[in-house]
Amino acid sequence: MTTTEAAQVEWAAQVHDATKRYGKGDSTVMALNGVTVGFQKGRFTAIMGPSGSGKSTLMQCAAGLDQLTSGRAFIGSAELGRLSEKQLTLLRREKVGFVFQQFNLLPTLTAGENIAFPLRLAKRRPDKAWMDQVVQTVGLADRLDHKPSELSGGQQQRVAVARALVERPEIIFADEPTGNLDTHSSGEILSFMQTAVRDLGQTVVMVTHDPGAASYADRVLFLTDGRLTGEVMAPTVDSVLAAMRQTVA
Amino acid sequence: MLRLALSNLRANWTRFLATAAAVVVGVAFLAAGLMLTDAVRVSLLGSVEQQYAGVDLAVTTAGEFANLGDAGESVSPLGADSLALVRAVPGVVAAAPVTTAEVRVLKPDGEAVSLRTQGRPWIVDDELNPLTLDSGRAPTAGGEVVVDRATADRAGLRTGSTVVLETPLGERTAKVVGISSFGRSAAVDPGGTVSFFENEAALVLGGGRVSWSQILVRTAGGGAPVTQSLQQVLPPLAQVVTAEDVVEREQRVLNTFVDVLRPVLTGFAFLSLFVCAFVIFNTFSVVVTQRFRELALVRAVGGTPAQVRRSLMVEGVLVGLVASAVGLVAGAALSVGLQALLSRFDVPLPGAGVKVTTGTVVMGLVVGTLVTVASVAVPAFRAGRTKPVEAMRSSAFDRSGTSKVRLVLGGAALAAAVGVLLGAKAGALPKALLGGGTLFMFTALVVGGPLLARVFSKLLSFPMRAFGLTGRLAADNCARNPKRTATTANALVIGLFLVTLVTVSGTAVKSWAVSRLNTLSGSDYIVSSRSGIPDDVVAKIGTTKGVEGSAGVRSVVLRPDGGSPFIVSTTDFEQLARTSGVKVATGSLDTVANGDGVAIIDQQELLKNLLGDATGQDLAGTGDPSADPGATIDLGGTTTKVGDQVEVPALDGSPVVLTVAATLKAKLDALTLGNLVGPSTFARVAGEQPVRFVFVRTDPSQTEQVGLRLEQLTRSYTTIDVQPGNFVGQFVGQALDFLINAVNALLAMSLLVALIGIVNTMTLSIIERRQELGMVRALGMTRGQVGTMVALESVLLGTLGTLVGVGTGLFLGWVLVGSLGQGISLNVDWGRIGLIALAGVAVGALASLLPTRRATRVRVLEAMQPT
Ligand SMILES: Nc1ncnc2c1ncn2[C@@H]1O[C@H](COP(=O)(O)OP(=O)(O)O)[C@@H](O)[C@H]1O
Ligand SMILES: [Mg+2]
Numbered sequence: 001m002t003t004t005e006a007a008q009v010e011w012a013a014q015v016h017d018a019t020k021r022y023g024k025g026d027s028t029v030m031a032l033n034g035v036t037v038g039f040q041k042g043r044f045t046a047i048m049g050p051s052g053s054g055k056s057t058l059m060q061c062a063a064g065l066d067q068l069t070s071g072r073a074f075i076g077s078a079e080l081g082r083l084s085e086k087q088l089t090l091l092r093r094e095k096v097g098f099v100f101q102q103f104n105l106l107p108t109l110t111a112g113e114n115i116a117f118p119l120r121l122a123k124r125r126p127d128k129a130w131m132d133q134v135v136q137t138v139g140l141a142d143r144l145d146h147k148p149s150e151l152s153g154g155q156q157q158r159v160a161v162a163r164a165l166v167e168r169p170e171i172i173f174a175d176e177p178t179g180n181l182d183t184h185s186s187g188e189i190l191s192f193m194q195t196a197v198r199d200l201g202q203t204v205v206m207v208t209h210d211p212g213a214a215s216y217a218d219r220v221l222f223l224t225d226g227r228l229t230g231e232v233m234a235p236t237v238d239s240v241l242a243a244m245r246q247t248v249a
Numbered sequence: 001m002l003r004l005a006l007s008n009l010r011a012n013w014t015r016f017l018a019t020a021a022a023v024v025v026g027v028a029f030l031a032a033g034l035m036l037t038d039a040v041r042v043s044l045l046g047s048v049e050q051q052y053a054g055v056d057l058a059v060t061t062a063g064e065f066a067n068l069g070d071a072g073e074s075v076s077p078l079g080a081d082s083l084a085l086v087r088a089v090p091g092v093v094a095a096a097p098v099t100t101a102e103v104r105v106l107k108p109d110g111e112a113v114s115l116r117t118q119g120r121p122w123i124v125d126d127e128l129n130p131l132t133l134d135s136g137r138a139p140t141a142g143g144e145v146v147v148d149r150a151t152a153d154r155a156g157l158r159t160g161s162t163v164v165l166e167t168p169l170g171e172r173t174a175k176v177v178g179i180s181s182f183g184r185s186a187a188v189d190p191g192g193t194v195s196f197f198e199n200e201a202a203l204v205l206g207g208g209r210v211s212w213s214q215i216l217v218r219t220a221g222g223g224a225p226v227t228q229s230l231q232q233v234l235p236p237l238a239q240v241v242t243a244e245d246v247v248e249r250e251q252r253v254l255n256t257f258v259d260v261l262r263p264v265l266t267g268f269a270f271l272s273l274f275v276c277a278f279v280i281f282n283t284f285s286v287v288v289t290q291r292f293r294e295l296a297l298v299r300a301v302g303g304t305p306a307q308v309r310r311s312l313m314v315e316g317v318l319v320g321l322v323a324s325a326v327g328l329v330a331g332a333a334l335s336v337g338l339q340a341l342l343s344r345f346d347v348p349l350p351g352a353g354v355k356v357t358t359g360t361v362v363m364g365l366v367v368g369t370l371v372t373v374a375s376v377a378v379p380a381f382r383a384g385r386t387k388p389v390e391a392m393r394s395s396a397f398d399r400s401g402t403s404k405v406r407l408v409l410g411g412a413a414l415a416a417a418v419g420v421l422l423g424a425k426a427g428a429l430p431k432a433l434l435g436g437g438t439l440f441m442f443t444a445l446v447v448g449g450p451l452l453a454r455v456f457s458k459l460l461s462f463p464m465r466a467f468g469l470t471g472r473l474a475a476d477n478c479a480r481n482p483k484r485t486a487t488t489a490n491a492l493v494i495g496l497f498l499v500t501l502v503t504v505s506g507t508a509v510k511s512w513a514v515s516r517l518n519t520l521s522g523s524d525y526i527v528s529s530r531s532g533i534p535d536d537v538v539a540k541i542g543t544t545k546g547v548e549g550s551a552g553v554r555s556v557v558l559r560p561d562g563g564s565p566f567i568v569s570t571t572d573f574e575q576l577a578r579t580s581g582v583k584v585a586t587g588s589l590d591t592v593a594n595g596d597g598v599a600i601i602d603q604q605e606l607l608k609n610l611l612g613d614a615t616g617q618d619l620a621g622t623g624d625p626s627a628d629p630g631a632t633i634d635l636g637g638t639t640t641k642v643g644d645q646v647e648v649p650a651l652d653g654s655p656v657v658l659t660v661a662a663t664l665k666a667k668l669d670a671l672t673l674g675n676l677v678g679p680s681t682f683a684r685v686a687g688e689q690p691v692r693f694v695f696v697r698t699d700p701s702q703t704e705q706v707g708l709r710l711e712q713l714t715r716s717y718t719t720i721d722v723q724p725g726n727f728v729g730q731f732v733g734q735a736l737d738f739l740i741n742a743v744n745a746l747l748a749m750s751l752l753v754a755l756i757g758i759v760n761t762m763t764l765s766i767i768e769r770r771q772e773l774g775m776v777r778a779l780g781m782t783r784g785q786v787g788t789m790v791a792l793e794s795v796l797l798g799t800l801g802t803l804v805g806v807g808t809g810l811f812l813g814w815v816l817v818g819s820l821g822q823g824i825s826l827n828v829d830w831g832r833i834g835l836i837a838l839a840g841v842a843v844g845a846l847a848s849l850l851p852t853r854r855a856t857r858v859r860v861l862e863a864m865q866p867t
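Respectively, the protein sequence lines represent chains A and B.
Here our numbering is used: position 182 in the first sequence is 182, and no number is missing along the way.
Here our numbering is used: position 473 in the second sequence is 473, and no number is missing along the way.
For reference, chain A alone in the conformation it holds in the complex:
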């Protein structure tokens, strides 16, 4: 674990010595191979690496969507391997927010209903002031009554981000949230996530293969063949590119 302030650090999520193996026999793939990493509260972390390096696997295992082959994963103080399927579901509902690359929204619900969806699943009342603030921040105030099919791709992703934020989770996981967007919309989404972390105190972990996207984060982790191979703090596009060249070499 690479940290200098070990004493007072609070971890939103961590994995210890994580391995994930797919398949059996000859076709075995080690998607994660002894990864230990922590995601600090109130930080924006980006995970980068070449395609097939295990980014999505790491994120899914850390978020409790999939189980590790060996090693341990925590969200807050809860060890995921010890939870039942039902407890995991409730944990995701209460403590984790998600933004996917696509298929983020329920087509029959309006934008506003989609945003409130996890809260309604938990039968919790949305905090009106917080909801308003989130909706303001992502700039959707006048679009709340629209169905997803009436929104652009960028707007749909903004709804997804708002949904992740509105439940005030311990941590938000985003897997290539801008993968399907143009540069302009990407920029918007990334700034919202940055704002959410800096101004609203949220924690975000984002998988991306775009150095530009990674530069919005506070910290970038590099993954190669299922191992952590590098880290850049306070990244810029150039420092990320430089680090990429180094890890590939």
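Careful, some of the hints might be misleading.
[Unchecked claim] No more than 20 Å apart at the CA atoms, straight line, and that leaves these computed lysine to aspartate or glutamate pairs for DMTMM-like: (1) A:K86 - B:E862; (2) B:K510 - B:D737; (3) A:K147 - B:D476; (4) A:K95 - A:E79; (5) B:K107 - B:D153; (6) B:K641 - B:D590; (7) B:K458 - A:E113; (8) B:K175 - B:E198; (9) B:K510 - B:D829; (10) B:K458 - A:D145; (11) A:K41 - A:E10; (12) B:K540 - B:E574.
Bear in mind the hints are in silico, worked out from the structure with no lab data behind them.
Start from chain A and add chain B with the ligands according to the hints.
Quick look at chain B with the ligands alone, frame taken from chain A:
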């Protein structure tokens, strides 16, 4: 294109399984119906031939073959002496009497093996006897019987066992001396056969009086001379025919039976195939929609619309052929299963096993494939129009089917249909339009279906909110693709519509008929027996506690050669007046009781009574509502008045002329009596006859107990029935109830198909939505919540189909019953309608099991896997 089609089938076989399931079920029902009737026919016809294999000539009653079907109380002229007469004729090598009567074989626990076991005389001559002995020997004295091997097995009997039998002459104990079989089957009679020693059979089976229904004859050289000598020694009403004639005529009767059974069964099978067409159409549409991108890709790389279309049609043909073949096999299994089921309920069908004819195979394959291809044509045509760009589109909604044009068309058609039906009901429009209006209404339902589906899902989404978010989402999902929802629900609509209609209008007709008939009854109980009630039993009825009066009626049904049956009866006239509803309309019974007068039924009144209020209306065909209901109706025949002469054919064939002395009011009792004569006249016409009815009048405070006592008294006499005075009403009511239930049971097939339809649609849309389901699972929807959501969606589909189906059924029932005439009123049994509705909703709930399983198994990670 065949290659493309084949590779598609291989790649998407699970989806085609869904389409195939509907075809399989439809063809299976059709095939089972055909195979069952074929099996019954072949075995019936075969068994007739086998039965007469060694027979040269048969002596029967004239005009009718008395051992066929329900001989009623008709009396055979073949009495005690006839057998000896036949045997004495030169050229006759062997003669064997035939008669059958119900006999019950009691198991050690006192229960009957079957209610359909028949007693027969054992035929001594080996060639005349169609039965063979498996073990033991033939009965050679009274008290000895041979039992067929199936009955023996079921009652645990062996040669040497003692068995208790219930017979027309009461309970008897007999010794089993042999076990018989009939060719490859156990017995001639589906319910089993008990064979008695000839002399004993004569008395026991005839209820104390010898009366053969047939005498089978084997001749030395066969042929005409023996026939002639037989005819000379026998009474004129006896007829001598060749065995071939008997076989041919019996087979003709049996064929009629099968000919009635077959169209009924296949009719219902075709109905379920029609429902299948909806399901196939829908399933295939969904499959095609899901493959839109793939089809668009085919178009993008240069496939022409015609090629896409042809490839899909080829898929349809292949699926149809394979599924029809599977359906034929399933049908064979079904027909075996049905036979087993029926015999468990003591309704064994003659002939066991499967009878597969080329006709059935061809019919199943052709019909199944045609239905599939026809249902596939529309989706295939639509797929041909897929634009190449659609390869890039993702489709979450399909709002097609809710266009303005459809709204206007569907709405207008529905309004017009309702208008026509209401007009026809009120009499403003000709009744002939009822059929057209009904068809029209269906078309409107199909065209306007998607619209109804949307409106209903919207309306139902309010009550669904009680289930919280999951309920809301379920309602939303139903409205998502209204056309698909509507087509799925339509399969259910058709079945429920027919069930409701049959129930509602059937019940209305039933209660009308029963109430009409009940006004006609007179006595408290009628004890009756086809073969006659032993005199000591008649006497005991009279002395039963609580019986205030009883009139034993001796009667006989005479059938003038080729003519209609003619009942002649006599009784104690004083008792008759006290115990029955028989009332004199004109004339007097005095000369009837003591002279040669005859009392007949006032036919004018009879018709008026039976048709009641409806006469003068449409049932009588006059169509003139202004006609005086009391006006005389021309029956087309001549009316008999007091003083007229009637000619009655006596049992020995000579005509007896009687004078009409009275006409009787048309009560049911009078109908049972037929032509009432005095004892001496009766003896002249019919000779000596047993009592066949006893009219019983009870102490009003004990009516029910008397019924039980009479039951007890006659319990061991298999042919004696104790019926309440209003039994005809009860019987007709029960018969109609049975008919309604039987029709509904057959209609239930279509509900099964609808169930498959819902399973298909739901399963396919789950596959379609798996990423969405993965997403909601990731966001924290529990498996249970996902399951509830899918189950509710399926229940909603069921409810939609139920509301429309039952609603339409009720409406049409109301229209049809209302248009029948003023006498019939619609009193809906809401309990039953509630049950039908429940069944519809249950179909939805049941259909959700599979899709729900599938949905809850969607892995969370599917949300992240791009297609
Ligand atoms: N469900 C799976 N079954 C088998 N192998 C998988 C599965 N998911 C991922 N993999 C393999 O695991 C490795 C890592 O995948 P992933 O985490 O998706 O990489 P990334 O997101 O960095 O592109 C890849 O080699 C991939 O092929
Ligand atoms: Mg990935």
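Hints versus structure:
1. A:K86 - B:E862: Holds. A:K86 to B:E862 sits at ~18 Å (cutoff 20 Å).
2. B:K510 - B:D737: 8 Å, holds
3. A:K147 - B:D476: 12 Å, holds
4. A:K95 - A:E79: Roughly 13 Å separates the two Cα atoms, so the pair holds.
5. B:K107 - B:D153: Within the cut-off at roughly 11 Å; holds.
6. B:K641 - B:D590: Distance ~17 Å between B:K641 and B:D590 Cα, so the pair holds.
7. B:K458 - A:E113: 17 Å, holds
8. B:K175 - B:E198: 15 Å, holds
9. B:K510 - B:D829: Holds, because 12 Å separates the two Cα atoms, which is no more than 20 Å.
10. B:K458 - A:D145: Measuring from Cα to Cα gives roughly 17 Å; hence the hint holds.
11. A:K41 - A:E10: 6 Å, holds
12. B:K540 - B:E574: Judged against 20 Å, a Cα distance of about 19 Å means the pair holds.
Going down the numbered hints, you'll see the structure goes against none, and every one checks out.
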